[in-house]
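Protein chains: 2
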Amino acid sequence: MPNRISITFLGTSSGSGPTLSRHCSSLALNLDGEIWLVDCAEGTQLRLVQADISPARVTKIFITHLHVDHVMGLVPLLTTIMFGLEPSNSKSGQRSIDLYGPVGLRQLVRITLQLTGATLAGTFSVHEFLAVQTPVASCPAPISDTRPNEGHGRDIQCDSDGKWKNFQEASGITISAAPLEHRGNSLCWVSISAPGRKLVILGDTSDASSFIGLADDASLLVHEATNAYISPRKLKSSQWDENEKEKLRAKAISRGHSTAEMAGEFAKQIRARRLYLNHFSSMYPDPAWNTDSGLRRKSKKHRERYPDDPKGSENQIMMHAIQDQATEGWSQEGSRAIAATDFMCVEIRGHEVS
Amino acid sequence: MPNRISITFLGTSSGSGPTLSRHCSSLALNLDGEIWLVDCAEGTQLRLVQADISPARVTKIFITHLHVDHVMGLVPLLTTIMFGLEPSNSKSGQRSIDLYGPVGLRQLVRITLQLTGATLAGTFSVHEFLAVQTPVASCPAPISDTRPNEGHGRDIQCDSDGKWKNFQEASGITISAAPLEHRGNSLCWVSISAPGRKLVILGDTSDASSFIGLADDASLLVHEATNAYISPRKLKSSQWDENEKEKLRAKAISRGHSTAEMAGEFAKQIRARRLYLNHFSSMYPDPAWNTDSGLRRKSKKHRERYPDDPKGSENQIMMHAIQDQATEGWSQEGSRAIAATDFMCVEIRGHEVS
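As they're listed, the protein sequences go chains A and B.
Here the first sequence stands for residues 0 to 353, where the numbers follow numbering that gives the first Met the number 0.
Here the second sequence stands for residues 0 to 353, where the numbers follow numbering that gives the first Met the number 0.
These are computed hints drawn from the structure, not numbers from a lab.
We treat Cβ as the ideally placed atom computed from N, Cα and C, and that holds for glycine.
Hints may be right or wrong, so weigh each one.
Once the Cα atoms are required to be at most 35 Å apart in a straight line, the calculated DSBU-like pairs of lysine-lysine come out as [what the hints assert, rightly or not]:
| # | chain 1 | residue 1 | chain 2 | residue 2 |
| --- | --- | --- | --- | --- |
| 1 | A | K244 | A | K233 |
| 2 | B | K250 | A | K59 |
| 3 | B | K267 | B | K246 |
| 4 | A | K164 | A | K250 |
| 5 | B | K250 | A | K250 |
| 6 | A | K233 | A | K246 |
Short derived list, chain B residues pointing at chain A, Cβ under 10 Å [unchecked claim]:
| # | residue |
| --- | --- |
| 7 | L77 |
| 8 | I110 |
| 9 | S208 |
| 10 | I211 |
Isolated chain A, as found in the complex (with noise of 0.2 Å):
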């Protein structure tokens, strides 16, 4: 049972990034100094080395689902965590990843390696979750030792109810996927227990109501905020009439994804104890990096704009309406949403949970 647990937030754009200031999708899991990764966009492992957590401490990567923002930096990052010049057949001893994700994913691993000639120290096993859609696994998982290193990965079966309740045990922890609906692909999110202690990490979604239930009373969650009444155009919550939100709610629904507002709704409906959004529009910088030197043309912009103020208030008042809006949906007295950066950790203390 782990003693410490914390998250790291390694990349919070939508698909519409990465942008200067924010990569696309990944979160790290830290417990006790073992590292899971939610999602793995293009570019995790240089953020991993940024946040200061090695690579090689990871062992197990959640996909959410196979969209190009979430998955492309997989294949990179294994053939760094697992570096060989040659083929391995001795699988003792050496690193072993287990990733996690829809059908789909063990295919795209192995014609990935395949294609690219990489050459593995280590082994990985790619385990699928089979749904109602998708019964059958993208490939059969190899036996025994007929691929030098994959390692024989699960085909995950799917309960009478569509879920994937506690596929695993071990360690004091469960963990648990559901489906969420998304346009395209199958999609699946990971809600990992421990005791005194439930974190609900979710993919991209329009609609998290099929794990009311599983997801109740978490201690945190982490959900999308693609979309918000507020832009760089439209920078005053009083200049967003009724007709216009509900536009905007209609337009991220009808792509799969959720407004600030919607984040907030869920988080209410499951009692969430604290709420972090990401996945945010590339019109929604961290305002942070405002002054970074790789912003100097919107710098310039911006300062004309703002001349007593060159330091980002323009994306500050974005953010804060973004939270604001999040905040109000989920209606609970006292508590905050926030906007997740990238590289931003939160710790989730034991016993938060009765």
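Position chain B against the provided structure of chain A, taking the given hints into account.
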């Protein structure tokens, strides 16, 4: 015929990266504002934005070989350039990108797009270079409109000597390719000749002699220098005896790579006018980066070692030594090899070659 030609190094690390200061391989060629890329490692799209080059200006991408550290940014870049939430059947008036690379590239791009459910607003075409060892394309190029986003790429046959001379001629620019010695995958290089200018950009290699002749009198040669007779533990050249140098050179060659000295020797063989080195081991960071906050730990260690000079002198010593070793191999009076860094930009003025 382009008036202004420049190159910008976007990633100068070998596959032991990415590191905090160097991304893996990618290089942008700027032809009067139109961008051609050579290689496209993970993170290339972010590097483009950081270098203030709009990804939308990319029209051609040349892949030297399919190793993970040269190719994994390709699909993420494509989906950004051709961002679309719906697949488009109409090819008129939309973006179009040409990809060139060894056999396997077409399959890698196609399968990745398919498994990730990517939707593109535009067309890409993959042109594969058929070699003696790989005489058949990885999969047939689509004919007419069988695949909504994929145009009819060419299967480019090699000449009787195994090279692809002048496989493309347009707007006063001629492009040639030839195979290079490198482990595993087949490999090609790109030589671009515009009137008065000849650019020779190599992929990974331990022996580039196959295109002496084609590359002669290059105005600019970009050559890898994965290894060199210098390390943080042995900072002085006088510490390296001939036996140790020979061993390191043999090790580089056994892995399909070159030392800085070998890069210089090749520049001499083709009488290159300028020599830029790239593809450095992770032990050789960009010296300018050492003071960055991201390198806190290294800086601390460094500060202890060099209490009077905390600004990266160790890395400076190493990069100077690498340049010295290449310059010595080159042995052309008045000329000095340059170790490239990410974002370094070099203009190639017209009429350098008579």
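Against the structure, the hints come out as follows:
Our distance criterion of 35 Å between C-alpha atoms is met by A:K244 and A:K233, whose separation comes to about 12 Å. Restraint check: the Cα-Cα separation between B:K250 and A:K59 comes to about 34 Å, which is no more than 35 Å; the hinted pair holds. Distance check on the hinted pair: B:K267 and B:K246 sit about 23 Å apart at the alpha-carbon level, within 35 Å; holds. Distance restraint check for A:K164 and A:K250: the Cα-Cα separation of roughly 32 Å lies within the 35 Å cut-off, and the hinted pair is therefore satisfied.
For the proposed pair B:K250 and A:K250, the alpha carbon gap of about 57 Å is over 35 Å, so the pair is violated. The suggested pairing of A:K233 with A:K246 holds, with an alpha-carbon distance near 15 Å, which does not exceed 35 Å. Hint status for B:L77: holds, given a least beta-carbon distance of 9 Å to chain A, under 10 Å. A cut of 10 Å between beta carbons decides the hint on B:I110: the least distance to chain A is about 6 Å, and the hint holds.
Taking 10 Å as the C-beta cut-off, the interface hint given for B:S208 is violated, the closest approach to chain A being about 23 Å. A distance limit of 10 Å between C-beta atoms decides the matter here; for B:I211 the minimum to chain A is near 27 Å, and the interface restraint is violated.
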